[in-house]
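Can you build the whole structure from these sequences, using the hints too?
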Amino acid sequence: MRLHVHLSPDWVLDTEMREYRPEETVDFCIVGTGAGGGVLAQRLARYGFSVVALEAGPWHDSETGMVSDEAGSANLYWNDLRITGGTDPLELGANNSGRGVGGSTVHYAAFCPRLHPSDFRVRSLDGVAVDWPISYEELEPYYERMEREYPVSGPAHFPWGKRHGYPYAPLQAGTAGQMLVKGCVQLGIPVVAGGPVAIPAGSMGKRPHCIMRGFCLLGCKVGAKHSIHVSHIPDAIEHGAEIRTRSMAYEVAINDQGRATGVRYYRSDSNGRIIAEEQQARAVVVAGYAIESPRLLLNSRSSLFPDGLANSSGLVGKFLMAQAAPVVWGRFPEMIRQYKAPPACASTEEFYETDPAHNFARGFALQSVSPLPIAMAHLLADENGRFGLELLEAMQDYNHHGCIGVLGEILPDARNSVSIASETDQYGIPVAYVHFNLFENDRRLMEFGAGTAQRVLEAAGATETHWTPRYAHLVGTCRMGFTPDDSVVDQWCRSWDVPNLLIVDGSVMPTQGSANPALTISALAARTVDWLRSAVPRGELQTRPRPRDQHVL
Amino acid sequence: MVRDRYPGWDVLSQRGHWDETTRKVVLDRVHNVPPFRYFDSSQIITLGALCARVIPQAHRSPERRVPIAHWIDQYCALGSSGGFRFEDMPPRPVAWTWGLDGLDQSAGALFGSRFAELDGDRQDQVLERIRAGDPPGEVWARMPARRWWIFIALRDISGAYYAHPYAWDEIGFGGPAYPRGYAALNNGAPEPWEPREAPDGRRRT
Numbered sequence: 030m031r032l033h034v035h036l037s038p039d040w041v042l043d044t045e046m047r048e049y050r051p052e053e054t055v056d057f058c059i060v061g062t063g064a065g066g067g068v069l070a071q072r073l074a075r076y077g078f079s080v081v082a083l084e085a086g087p088w089h090d091s092e093t094g095m096v097s098d099e100a101g102s103a104n105l106y107w108n109d110l111r112i113t114g115g116t117d118p119l120e121l122g123a124n125n126s127g128r129g130v131g132g133s134t135v136h137y138a139a140f141c142p143r144l145h146p147s148d149f150r151v152r153s154l155d156g157v158a159v160d161w162p163i164s165y166e167e168l169e170p171y172y173e174r175m176e177r178e179y180p181v182s183g184p185a186h187f188p189w190g191k192r193h194g195y196p197y198a199p200l201q202a203g204t205a206g207q208m209l210v211k212g213c214v215q216l217g218i219p220v221v222a223g224g225p226v227a228i229p230a231g232s233m234g235k236r237p238h239c240i241m242r243g244f245c246l247l248g249c250k251v252g253a254k255h256s257i258h259v260s261h262i263p264d265a266i267e268h269g270a271e272i273r274t275r276s277m278a279y280e281v282a283i284n285d286q287g288r289a290t291g292v293r294y295y296r297s298d299s300n301g302r303i304i305a306e307e308q309q310a311r312a313v314v315v316a317g318y319a320i321e322s323p324r325l326l327l328n329s330r331s332s333l334f335p336d337g338l339a340n341s342s343g344l345v346g347k348f349l350m351a352q353a354a355p356v357v358w359g360r361f362p363e364m365i366r367q368y369k370a371p372p373a374c375a376s377t378e379e380f381y382e383t384d385p386a387h388n389f390a391r392g393f394a395l396q397s398v399s400p401l402p403i404a405m406a407h408l409l410a411d412e413n414g415r416f417g418l419e420l421l422e423a424m425q426d427y428n429h430h431g432c433i434g435v436l437g438e439i440l441p442d443a444r445n446s447v448s449i450a451s452e453t454d455q456y457g458i459p460v461a462y463v464h465f466n467l468f469e470n471d472r473r474l475m476e477f478g479a480g481t482a483q484r485v486l487e488a489a490g491a492t493e494t495h496w497t498p499r500y501a502h503l504v505g506t507c508r509m510g511f512t513p514d515d516s517v518v519d520q521w522c523r524s525w526d527v528p529n530l531l532i533v534d535g536s537v538m539p540t541q542g543s544a545n546p547a548l549t550i551s552a553l554a555a556r557t558v559d560w561l562r563s564a565v566p567r568g569e570l571q572t573r574p575r576p577r578d579q580h581v582l
Numbered sequence: 341m342v343r344d345r346y347p348g349w350d351v352l353s354q355r356g357h358w359d360e361t362t363r364k365v366v367l368d369r370v371h372n373v374p375p376f377r378y379f380d381s382s383q384i385i386t387l388g389a390l391c392a393r394v395i396p397q398a399h400r401s402p403e404r405r406v407p408i409a410h411w412i413d414q415y416c417a418l419g420s421s422g423g424f425r426f427e428d429m430p431p432r433p434v435a436w437t438w439g440l441d442g443l444d445q446s447a448g449a450l451f452g453s454r455f456a457e458l459d460g461d462r463q464d465q466v467l468e469r470i471r472a473g474d475p476p477g478e479v480w481a482r483m484p485a486r487r488w489w490i491f492i493a494l495r496d497i498s499g500a501y502y503a504h505p506y507a508w509d510e511i512g513f514g515g516p517a518y519p520r521g522y523a524a525l526n527n528g529a530p531e532p533w534e535p536r537e538a539p540d541g542r543r544r545t
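Protein chains in written order, with my numbering: chain H, 30 to 582; chain V, 341 to 545.
Hints in this document: simulated from the structure, not taken from any laboratory. The beta carbon of each residue, even a glycine, is placed where N, CA and C say it ideally should be. Wrong hints could be hidden among the right ones.
[Said to hold, decoys possible] Per the computed footprint, the stretches of chain H lying under chain V, defined by three or more beta-carbons under 8 Å from a beta-carbon of chain V, are: (1) 36-47; (2) 197-206; (3) 240-246.
[Stated by the list, open to error] Sample of chain H residues with no beta-carbon within 10 Å of chain V, all distances over it, derived: (4) 155; (5) 170; (6) 177; (7) 235; (8) 363; (9) 414; (10) 428; (11) 576; (12) 579.
[Said to hold, decoys possible] DEER-style ranges, computed between Cβ atoms: (13) H:93 with V:430: 34 to 40 Å; (14) H:298 with V:374: 27 to 33 Å; (15) H:103 with V:400: 22 to 28 Å; (16) V:430 with H:419: 24 to 30 Å; (17) V:400 with H:468: 44 to 50 Å; (18) H:153 with V:478: 54 to 60 Å; (19) V:452 with H:362: 43 to 49 Å; (20) V:484 with H:580: 30 to 36 Å; (21) V:377 with H:267: 45 to 51 Å; (22) H:455 with V:484: 22 to 28 Å; (23) H:174 with V:402: 58 to 64 Å; (24) H:214 with V:374: 47 to 53 Å; (25) H:443 with V:407: 44 to 50 Å; (26) V:484 with H:77: 52 to 58 Å.
Pasting the structure below:
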């Protein structure tokens, strides 16, 4: 079929896309086109595999499908029903799940830090959560590649985690980012500016550079900000992958031998009719992020897999993590005009690691954030339910507000989970029930992080500071591990139970660190493809994975 | 009283610099106000009174007031979940209906009258009880009041108001910035076309 999609004002993806018939058996059927699925589709296609990627949402044309407007951008989010509960129920939709080609990277702020080496060994080092079945060093080469492919701008010497530098020059900071730098410098806290953020400071191929418009969270109309749909999807299509949009997966099909044979989905045709189809495939990859991936697996029940697919451990849906992301704001006597320039700019990871002086394990990052008017009004209203003149006058200070986002590590807990609710969505598919509780370590970390951000704002000159809890990023729920008992997938993101089924997205992360997850998800996807490239010809997808010995790490 | 912090600023005067898709979305919001379809006439009166306490607009000339209640009605009529439902709340449109009923129940229990018929001070007293999470009324036994207040009422009302260019004028927001972008990035400086803050409009700290 012919595609005609603007990725930037002057770059139209105007190309013929290969189409497969559903009954045609392809090598890989991938569910989802975000940071995991998109990178996977691109690399598999490059290596000559036939690929169909199902995407529930549409293409977001940068000229006609994105606007410079907060209220007009709901089309970028996953707005289908989910039920949220627990003692600290997560708000879903909006900032934590995307819908459409590119997934959540379409609306993400594009902060792209790496995890630290310690993140892979938190059980060994800090006695909390679990160790990953891979080391930082095993993922490092893929971080390096993704930083060039997204690409990521940032300082030449990044002082935290394992020392590294960024391949592209730091992005210019606006006043809001400069404010975070100023406060940290006043307090003697090391800080970086201009990245790591996936917005190149110069033009990249057909992507022009940033115009500093500050609407990153509403999709980049400029095409300057990285999103998987500008960085990897065009290459996937050029190499023969099909991106099948408006196709909502509801079941992974299984044969009598317990092998995946394809994916059943509902496709909305151009007349708005919904058609049930099944794409045949030799291997299936689930890449729908931390809610939709376990939902699809748990909804794929059969006599062979009565508790849902890939769930012999009982761990599908368990250990959901959100990142603690309280927003802290200060009022400055001078003007900030925080809406200018990309919100992702300056950060410090000085508080990232466990500090024996703290009363909690692990840590947090501080990052620049710059809420647009509606987001700012919601922060002000959330803090204490303020309304009336109190709300109106606080909002009149909008141009005097500077904000810092805390990004803190919430530890995995089996009680935080995704399961299946009794209600159904517009397709008739049972929806996800998301249960989330904060625990003591999480609360202490969040309060300390917010207090630290308040000190930074005050050092930068804020005369009053406030904060309110927020959560960002959803990971966990299909964790990778060493054995079939301790996890859902092995170190290559392959299901222990179904040898030709992989899960490649944020749901496989055993812990989350205090880093925004997109780059890590893409690096994991790239590592998985490198393995598949040789494992498929060796016939390894025919047999179940073998456990990995903890002592090799 | 709300001071005019950015005298003369009219963000719509910049619309010639916006891209066509964005311009259409924003101008639609100004000129094509959706008619009421979801709430009944009694609920509309309560909703109007609520919006007027959450976002007072008496300082604006009538033609410059943002018709917030119409937008709330529109969200509810479209029936979008917005991506989720709290397990202890009904679907969002139903939560709105319940909440408006709850306002009248609380007003009745506290002052023996409907919410919209109370004076502003008494309306605020009702809202303060909801804000505190302990209002009287049967509705509030089946729906958590504080969650309704913050995540339904304040979210949607403030969201509808600050989506409107007249509200952007009030806070000195530059508005849509594509394809023009920004050049003045240091010291909170305005672009040549952006408003300056009135010297006497600044809040004292």
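Right, here's what the structure says about each hint:
Closer than 8 Å: that is the beta-carbon criterion, and the stretch 36-47 of chain H has 1 residues meeting it against chain V, so the requirement of 3 is violated. Only when three residues or more bring their CB closer than 8 Å to a CB of chain V does the claim for the stretch 197-206 of chain H stand; here the count is 4, and the claim holds. Only residues whose beta carbon comes within less than 8 Å of a beta carbon in chain V count, and the stretch 240-246 of chain H has 5; three or more means the coverage holds. No Cβ of chain V approaches the Cβ of residue 155 of chain H within 10 Å, the least distance being about 33 Å, so the stated non-interface status holds.
In this structure residue 170 of chain H is separated from chain V by more than 10 Å, as the shortest Cβ-Cβ distance comes to about 36 Å. The beta carbon of residue 177 of chain H sits about 26 Å from the closest Cβ of chain V, which is more than 10 Å, so the claim that it is off the interface holds. Every C-beta of chain V lies more than 10 Å from that of residue 235 of chain H, the closest at about 16 Å, which supports listing it as non-interface. The Cβ of residue 363 of chain H does not lie farther than 10 Å from every Cβ of chain V; its closest approach is about 6 Å, which violates its non-interface assignment.
Annotated as non-interface, residue 414 of chain H brings its C-beta within 10 Å of a C-beta of chain V; the closest such distance is 4 Å. Against the 10 Å criterion, residue 428 of chain H falls within the reach of chain V, whose nearest CB is about 5 Å from its own CB. Distance check for residue 576 of chain H against chain V: the nearest CB is about 37 Å away, which clears 10 Å, and the non-interface claim stands. With a least CB separation of 38 Å from chain V, residue 579 of chain H remains clear of the 10 Å interface cut-off, as annotated.
Separation of residue 93 of chain H from residue 430 of chain V is about 35 Å and conforms to the stated range, judged on CB atoms against 34 to 40 Å. Take residue 298 of chain H and residue 374 of chain V: their Cβ atoms lie about 29 Å apart, and the range 27 to 33 Å holds. Between residue 103 of chain H and residue 400 of chain V the beta carbon distance is about 27 Å. The supplied range of 22 to 28 Å therefore holds. With their beta carbons about 29 Å apart, residue 430 of chain V and residue 419 of chain H fall inside the hinted range of 24 to 30 Å.
For residue 400 of chain V paired with residue 468 of chain H, a C-beta distance near 47 Å keeps the hint of 44 to 50 Å intact. Evaluation of the 54 to 60 Å hint for residue 153 of chain H and residue 478 of chain V yields a pass: the beta carbon distance comes to about 55 Å. At roughly 47 Å, the beta-carbon separation of residue 452 of chain V and residue 362 of chain H lies within the given 43 to 49 Å, and the hint holds. As the Cβ distance of residue 484 of chain V to residue 580 of chain H is approximately 51 Å, the hint placing it in 30 to 36 Å is violated.
Checked against the given bound of 45 to 51 Å, the beta carbons of residue 377 of chain V and residue 267 of chain H, roughly 47 Å apart, stay inside it. Residue 455 of chain H and residue 484 of chain V have their C-beta atoms about 27 Å apart, which keeps the hinted 22 to 28 Å range intact. For the hinted restraint 58 to 64 Å between residue 174 of chain H and residue 402 of chain V, the CB-CB distance of approximately 60 Å keeps it satisfied. Our hint of 47 to 53 Å for residue 214 of chain H and residue 374 of chain V holds, since their Cβ atoms are close to 50 Å apart.
The hinted window of 44 to 50 Å between residue 443 of chain H and residue 407 of chain V holds, with their beta carbons roughly 48 Å apart. In this structure, residue 484 of chain V and residue 77 of chain H meet the distance hint of 52 to 58 Å, their C-beta atoms being roughly 56 Å apart.
Taken one by one, the earlier hints fail for this structure at numbers 1, 8, 9, 10, 20, listed in ascending order.
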